[in-house]
Amino acid sequence: MPGTPYLEEPPKGLVTWPFLLKFYALPVGIILGIAWYVDVLLYAIILLAVIATIRLFIVD
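Going by my numbering, 49 is the number at position 49 of the sequence shown; the sequence numbering is gapless.
In short, the hints are calculated from the structure, not lab data. Since the structure is predicted, the reported quantities are computational estimates derived from the model, not experimental observations. Careful, some of the hints might be misleading.
[What the hints assert, rightly or not] Ranges of calculated distance between the beta carbons of each label pair, as one might list FRET restraints:
1) Lys12 x Val40: 32 to 40 Å
2) Ala52 x Lys12: 15 to 23 Å
3) Lys12 x Gly33: 28 to 36 Å
4) Pro18 x Asp39: 31 to 39 Å
5) Pro11 x Val40: 33 to 41 Å
6) Ala25 x Ile54: 15 to 23 Å
Note that the Cβ used here is the ideal one computed from N, Cα and C, for glycine as well.
With the hints as constraints, model all of the structure from the sequences given.
Below you can see the structure in the form of structure tokens.
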């Protein structure tokens with residue numbers, strides 16, 4: 001790809017916007033939509049924040 005800062009391919013573990021949108025934004029949006037419908041949105045947001053924090057420390 002012209003103008004890419006990488007010599008051959010992106011480094012392993014690099015998170016790009018297409019990856020985030022495909023694998024995280026859609027499921028999180030669905031989960032939050034269901035939580036809003038069931039009226040447990042605050043609990044769902046807290047749970048997602050706790051999971052994200054735990055994952056931050058588990059993944060290298």
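We went through each hint and held it up to the structure:
no., hint, in the structure
1, Lys12 x Val40: 32 to 40 Å, "37 Å, holds"
2, Ala52 x Lys12: 15 to 23 Å, "21 Å, holds"
3, Lys12 x Gly33: 28 to 36 Å, "33 Å, holds"
4, Pro18 x Asp39: 31 to 39 Å, "33 Å, holds"
5, Pro11 x Val40: 33 to 41 Å, "39 Å, holds"
6, Ala25 x Ile54: 15 to 23 Å, "20 Å, holds"
Violated hints: none; the structure is consistent with every hint.
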